[in-house]
Amino acid sequence: MRFPLLIAVSIVGTPDGSYSWRVLTCLLAMACLVENGAAPGPKAAAQRPAGSSYVQIIERYQQGDDDVLKLLTPLDAKAIESGEWALLKTLERVPPSRGVGLLHAALMAHTDAAIVGRIGPTLIQWYPHLAMAQRYAELLASNNQQDPVAARWWLIVIGAMHAQRNYAQAMTLVNRALKTSGERAEYIFAAGITNELAWAWKHDAGFPTPFSGSLDDAEKAYGRLLATNPGLIDPRVRLGRVRILRGNNGGAIQTLAEIPDTVEPVLAYLARLFEGDALERQGSVEEARKRYERAIRLVPQAQSARLALAFTEYQDGARADAAARVRDTAADRGAADDGDPWFWYAMGFGAVAQSELTALRALVRQ
Amino acid sequence: MMRMLRWVPNAAVWAASLLCVLDAPAQTQRFRSQAVAVRVDVLVTEDKRLVTGLTAADFELRDAGVLQDVKQIDVEQLPLNVMLTVDTSKSVEGARLTSLLDAARGLVGGLREPDRAALLSFSTRVRLLSSLTSSRPQITAALRELSASGSTSLRDAVFSALALRQDDPGRTLVLVFSDGNDTSSWLSTSKVMDAARRTDAVVYGIGIRQQGRFVGIVRTETIEEIGELLRKVTEETGGRVLFASTDADLRRTFERTLDEFRNRYVLSYTPTGVPATGWHTLDVKLKSKKGRVTARRGYFVDLPPAR
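Protein chains in written order, with the numbering used here: chain A, 1348 to 1713; chain B, 174 to 480.
Treat the hints loosely; a few may be bogus.
Said to hold, decoys possible - Okay, derived cross-link-like pairs now, BS3-like style, lysine-lysine, Cα gap no bigger than 30 Å in a straight line:
{"no.": "1", "chain 1": "B", "residue 1": "K244", "chain 2": "B", "residue 2": "K462"}
{"no.": "2", "chain 1": "B", "residue 1": "K458", "chain 2": "B", "residue 2": "K263"}
{"no.": "3", "chain 1": "B", "residue 1": "K221", "chain 2": "B", "residue 2": "K460"}
{"no.": "4", "chain 1": "A", "residue 1": "K1417", "chain 2": "B", "residue 2": "K263"}
{"no.": "5", "chain 1": "A", "residue 1": "K1526", "chain 2": "A", "residue 2": "K1436"}
{"no.": "6", "chain 1": "A", "residue 1": "K1549", "chain 2": "B", "residue 2": "K405"}
{"no.": "7", "chain 1": "A", "residue 1": "K1549", "chain 2": "B", "residue 2": "K221"}
{"no.": "8", "chain 1": "B", "residue 1": "K405", "chain 2": "B", "residue 2": "K460"}
{"no.": "9", "chain 1": "B", "residue 1": "K263", "chain 2": "B", "residue 2": "K462"}
By construction, these hints were calculated from the structure, which means they are not laboratory data. Note that the structure is predicted; figures quoted are calculated from it, not measured.
Generate the whole structure from the sequences, applying the supplied hints.
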């Protein structure tokens, strides 16, 4: 029920993109009514902390005070809802630019509370903050679909879900992003990755998951991006991988061969690693080895291509060679734990969530 | 010499037949099954207790369905190679890591003079902290390097441990401790299983039993959860999965694993009437005595390398 109301909110945005706060907050109040069955009455208000303290928390966060997360994080869903109400009332009294700033800060404060300052490892414990942040993101996007903070915020939370292998929630967020912030290339890419990773998690790694992903949807998403911009490398690498997972090794090799070793080493490494995998699956082991060796030259400290190569030697009966290769890579004390492009690949948007979070946090505090 | 050894059966035994293999001309391109014995590591239990005191005459072994004439090798005469492969992902941080270190030290302390041990850790990356050595101080020093962080590359680690099994007459125990599922390996389960079929190493998995918890007023069942890979690879190689009831119980579980491995039987035979190469299914039974037999499901004889 809330979504149509948010569409309504977007209608009240003025032609120049500024906000009509009075109408907006009125509609949000209606949204609360619909969602909760009643407006926050005196009894409900009595159970919650003073709304003004919530606004102060958001203001202090905006000013760069991270300690306030200790106050925000423990708030339960009701207290958060009460705070939201107080914040929206505040928006009626401040200029639109200040209002947008507060909403941006509130969005990121709850995101920090959910992701960084989360008090427990389960979704149930951090969900209230995530849900609140999402409400703010959707509110911002409904008034200005190009809102830069809201648009990038989705990538953080989708990434956080990828990092936790919670692909069902990630897909829900991708769909919300597409609906509220528009069909941006990043979201289409995120849809493809979510489908791909979910499928691999269930079928390749063998874990039960409520969302099992669709390789067909993943391939369509990557294909759509490449149709718009054939020069993109990331979706081409992923398209190659998806084709391998679908058993289309010939198609994968063709796709990946278009990526030269001169592109960013991490992407070239993955292209060669996947090409080797596809060739190995086709039975062209010697050719596969050549690709793995090229991958090793591109990112020498990565372990995946070295183990892939060691496996082909082991399978071929060249045990001493395989053992020496394993020993070389496993005994490399200088290699960083996260120095393997495959690790980041399997993280999906989780690989960029932290840097995006840092960037957006800085942006809302300017 | 290494070139020759590559194409003997990988469940190979050395024993008396070893010299015959080494003496054979290097250019011979056929499988010399007459010269190479196969060794099968066997565990016998009854009601969760080890059955000891059996002899070769108590066993019936079929290779690819063909009954074989088996001999028993005295396990006491075979040194152990223990590939200690431990999960050091983030979930092991804290008390669990302390207990793991204590358990590993206990295991190393239980090794005998000719035995050797290697230490592999795995989180996001597989790390070889000590190659196979009989030096206890070297292993103990390597244990001090363990710290917990990152994800879990279990499949990559199991393959690495299997690949590092050396061509020597010792019995190889790959002891894998993990408290979670794989989250970051490159190698697939099927590849690790393939590797497991091509070695005579025995894999034991050690997990931690998740105690039942109260959810509201309902107590959940105790869960003995171990990753799918460890369950499969231990079955394939004739090993087992053992569970520690708590972190503090890890030391006892490690010791129990070593004790169990020492109390297995090693049967040896020279295959007759079976195909020279490819997969050989093994079926080991007790002729008349009671007991549950656990042994590898088979072995794979490699084709000669193409190069």
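Hint-by-hint comparison with the structure:
| no. | hint | result |
| --- | --- | --- |
| 1 | K244(B) x K462(B) | holds, 17 Å |
| 2 | K458(B) x K263(B) | violated, 42 Å |
| 3 | K221(B) x K460(B) | holds, 20 Å |
| 4 | K1417(A) x K263(B) | holds, 24 Å |
| 5 | K1526(A) x K1436(A) | holds, 27 Å |
| 6 | K1549(A) x K405(B) | holds, 17 Å |
| 7 | K1549(A) x K221(B) | violated, 34 Å |
| 8 | K405(B) x K460(B) | holds, 27 Å |
| 9 | K263(B) x K462(B) | violated, 46 Å |
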